[in-house]
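What follows is the residue order along each chain.
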Amino acid sequence: MKKFWKNANMRLKVGMFMTAFFMILGFVVYFIPHVDPFSYNSYANKLPPSWENFLGTTSMGQDIFWLLIEAIHNSLAIGLIVALIGTVLGVFVGLLAGFSGGVLDRVLMVITDTFVVIPSLPILILMTSLMKGSSTVILMALVLAMFAWAWPSRQIRSMALSIKERDFIYTAKFSGEGTVQVVLTEILPFALTWSLSNFMNATLAAIASESSLAVLGLSPANLVSLGNMIQWARTRNAILAQQWFWIGSPIVATVLLFIGLFLLITGYNDYMSMKRGR
Amino acid sequence: MRKALSLILAIAMLLTMGSAAFAAEMTEVGTPRNETLIVETQTPTDVPGQFNSYMQGTQMGFGIHQLMSAMMWEMDTAKGEQFGEVAEGFPESNEDFTEHIVKIRQGIKWSDGETLDAHDVAFTFNMIKDNPGINQSSYANAVFASVEAVDDYTVKFVTTESFPRLSMRFGVTIWGNDYRIVPEHIYSALEDVTTFKDSAPVVAGPYTVSSYDELGKWILYERREDWENSTVGVVTGKMPQAKYILFKVLGDDTTRQMAMINNEIDILCEVTPEALEVMTSANDKIACWYNEFPYATSDDPCSKGLAFSIGRGAPYDSADFRWAIALALNFDEISMNIFDGAGRASVFPILTATSAMQELYYKPLQEWVEAFELDLGDGTTINPFDNGYAARMAAALGIEGTEEELVDMFGIGCWKYAPEAAEKLLIKAGLEKKDDGWYFDGAPFTINMTYLADTEAQAGRGLVAAYDQLTKFGLSCNLSSESSATWDTHGATGEFEIAGYWPTGGITKDIYSQINGYDADLIVPIGERGSGQGTRWNNAEATEIIQELAKLSPEDEKSYELAMDFMKIAIADMPFIGFHSGVKFVPTNSTNWENYPSASNPYNGPWWWWSCFKYITTEISPVA
Amino acid sequence: MKFWKYFGLRVLTWALTILIGVTFIFFIPRMFPSDPVENMIGQMQSRSGQMDPLEMEHLRKSLRVQFGLDGSLVEQYTSFLWKGLLHFDFGPSLLSYPEPAGDIIMLYLPYTLGLSLTTTLLAWLIGNFIGLLAGFRKNKRSSKILEGIAICIYPIPYFIVALVLQIVFAFILKWLPLQSTIYANNGMWAYITSILKASVLPAVSLLLVNTGWWIISMKSLSSSTAEEDFVLYARYRGLSEGKIGKSYVFRNSILTQITALAMSLGGVFNGSIMTEIIFGYPGVGTLIQKAILQSDYNMILGCITISIVAIATATLIADLVYPLIDPRIRYS
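Heads up: the protein sequence lines correspond to chains G, Y and H, in order. Heads up: the first sequence runs through residues 217 to 494, numbered per my numbering. Heads up: the second sequence runs through residues -17 to 606, numbered per my numbering. Heads up: the third sequence runs through residues 62 to 393, numbered per my numbering.
Next comes chain G alone, as it looks inside the complex (with noise of 0.2 Å):
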């Protein structure tokens, strides 16, 4: 672990460490018992920060400080959930499709280059618009994990195939190991890097366009996320009545949060490339 720190580039240790803040407010701070931020008429309306508020409450008296930690919660599970079920997917497909070979193979990467070919975002504003009327977080979230298992597997796939050819494969077959354990004993492990890596990208890319579509006003509408917090200011004017922490906490949460998944993601990409390199 020390060892780990010292060689940790920058960007890695500030992106763990905003990361890490981001998750203790979401999966830590969360727990700490309060009003439901949702409801309306908590307390007075348009109250400036105080030590009750910390951040002041909206138009409809919901405190702005435990609307932000829920909207981060909500946001950061919406984006592990995609991001879970893209990566477990996207690994399992491109491995099938790499070791199996053959027909299964081809039709395997018809099936994935479709949905890479697929523009996403007109398609996720056709389903929320439509499914809006039923639509939940765990809906949203199968929605955008719809997309997030393409690139994945289509990655390792590739990945597998140049694996295949490697010679300490070809040993390991040798001396009678299945195929099943070799993939796990050989394979998964280089597969696992470039998926944490691939992981941390497609939380960000479903935050993003879980936020996105909010903004369209595609979002659940009771689904407090980051998102949906910046258009419900947006609806009620903030921006231009200059309610500067209802409309401004959502958007530098999500610009910090973005950041540091960002940095921590190149961070991450440039340990493992200088690890590999040594």
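It cannot be assumed that every hint is accurate.
Here are the simulated lysine-lysine pairs, BS3-like style, with alpha carbons at most 30 Å apart [to be verified]: (1) H/Lys144 x G/Lys218; (2) H/Lys144 x G/Lys222; (3) H/Lys201 x G/Lys491; (4) H/Lys144 x G/Lys219; (5) Y/Lys179 x H/Lys144; (6) Y/Lys398 x Y/Lys415.
Label pairs and their in silico Cβ distance ranges [claimed, not checked]: (7) G/Pro265 x Y/Ser337: 41 to 49 Å; (8) Y/Phe422 x G/Gly318: 54 to 62 Å; (9) H/Phe88 x Y/Ser144: 45 to 53 Å; (10) Y/Gly456 x H/Gly175: 55 to 63 Å.
What the hints contain is simulated information worked out from the structure, not anything from laboratory work. All C-beta atoms, glycine included, are put in the ideal place defined by N, C-alpha and C.
Fit chains Y and H to the supplied structure of chain G, relying on the hints for placement.
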């Protein structure tokens, strides 16, 4: 270094471009700003250059029906009365309302100089009847046996059945009307009137099209040289004062406000109170209907509130259940959450408390509703009406005024906030209260609450506020928003439970056209599309009244009595919980133009998107 | 021979992905309960209060026949495959009936292409130039600052960048119009300036975000190339830094970026949707959004089909050309 240089260059370029555009007081369309009235329209047109109202998809609200269309009868929205536009006065009908003689106004000319007369009117109605491709065609065929010009200025309409409401159905009551008179000398020469775009329309209104955007975002209108021969000229003798009127699309809410504050637009359609507050404090030339609270006019005839999908069966088909929901809501809080307390309470079902309707129906019913009692099922009763609303709101918001003023501002009252009574009514309706919430039929009970996103902030906010109230009351609810694309289907097929929408109305004393959709004979099963109201309110007495009203003349005193009875039945059965009448914040900017209609100068309502706008153009005058 | 086999398979995959893709988007909107005829009736009803029940029934029938929505799903699908995919004829737009959806797309396409192609290319050039400098001289302070800026701007959600630009330059400074509206009625000069003025903010916002990405990816490519053995060897041989940069690092990293450019050119429709919606820019993106909100099936199909074909073709070209320019890759 290179980047910095290019940045400076870019900024310099922008500066020169910007200053060039703003140096001369010209609009983007090349007309002098002081001769151009700029009006917002909310959605771009999908069919730029198409001005034929009988072709599919023509977007009439883009200035077309406000400035160019010729209507048989128009509406004086200030008085709430119709008057003849193309028609001279009202139809003279025979005893059983099957033959109607309509005189045509003399002196109106089309913009190409031809005279508008009875032949144009008869031609228009026959064209509609003869072309199945026209939307109104089959209805016109069902109503009219024949329409013919008796002489140059007289038209005889023969209806297939007794039809006492000719001017109301074929003239404007609210917004506009889909039966617009076309020039016979142009339309009769066409092979197919439903595919004629009419890009350079010949019109009877005071303005013609000067140019339009191929991409559908603006239309520039120019006043007719011979405006005195136009409908407005002949009816009022006054000249519309703006030489040009530019209708344009501005985009999202933030953009609209910014454009208004920067004086790039003179009239906006509808904004939220937050937006109005920002605009009036940033630019003192911006005003609304009232100069002070409540700013908005409450006279839009669609009240917003909670609609139930009664066709879903229990418990939604139980009046006790619906009343329980009404009593579980703290209306004062809901008002604050919607538009900060602004708006006239319009809590009776279906009929909206516009100023006229408040006088005609709400006040006369007040005594009855104050004595009205609900049976709570445990031997007790409650009177659900609360007449203290206006006084409470005035006190909370710091408004002073006579009782009459306050009642005009906040309405005659609202339903009581009585959570205990609501619980009893829920139990009476068959629900069961357990430790972990409400149960119905042995299963946990959850209400799905739906609202339409992106349109009608008033309705959406009202439903979200109600969701908040019901959740606090202890009912388990889901909240979902729908796009208009799915709502139009779900609303009609009854695929909702409680929705924030507006199957309401009320502009003329005769309420038949507002309530005829509630005829129980029109109800189709859930999942199918019928022609009645999507709420599927099944009430035999109400249906009887509707069917009786259909045969009566609107002037008949009996129809008013029947309407009163209808309202009593509706209140007792509560098919729709009203919140407020249509509250419209419609801002104007008096930097370039002034004398807009307002509460202190109410020569017309602030309905820029209705066809009556052409009569407002004669009053709006340039700032010297 | 090996090439032709690869080529054949690759083209087959290309055709199959497009076919599956459009089938997918053909059926999605039709599986949901939304119906253009109901939408149209709903709109008429909500703007003019209530509609006579009898009239509504008549209206519904006549609209259904006019829009050609009375055939079975299979009939609609086969006719779409034949006409839409092979002839790019998607039938009439339901909103702009009877105008063909294809014609309307063609009206908006030049605006989208003009905006996105210009910004994509510009962003590519600027981004790679800066990225190369930053990667090659990675210890210089200026390159660290440039990269730092890129890293801080790139991850910001696009709509935030766009909104800030709009408020600062259009509302506060009033240099540019709030909405990208085109005025074609009073002369060529006014027309051109209105297009330019309408495009500046959307273009700048796209440039900011896209350039950031190219800087970052080029930087990491060139710095990793700079550490590969052949570059180290060149340094060892005593070649000048300039020469190494030009002929070793640049040439090798730019290959990857060219393929990436091909991919992003294919994706221009997808990339400009948010831009167009936020600035009200008249392009295919706003058209897609409008079509979706109003269930204009034919228009949705038309827009997305074009987009799918563009991305698939760009990928195809990239895959075919890449091995030609990078000798390290073989067709496989």
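Legend entry - Hint check, failures only: As far as the earlier hints go, 1, 2 and 4 are violated by this structure, in ascending order.
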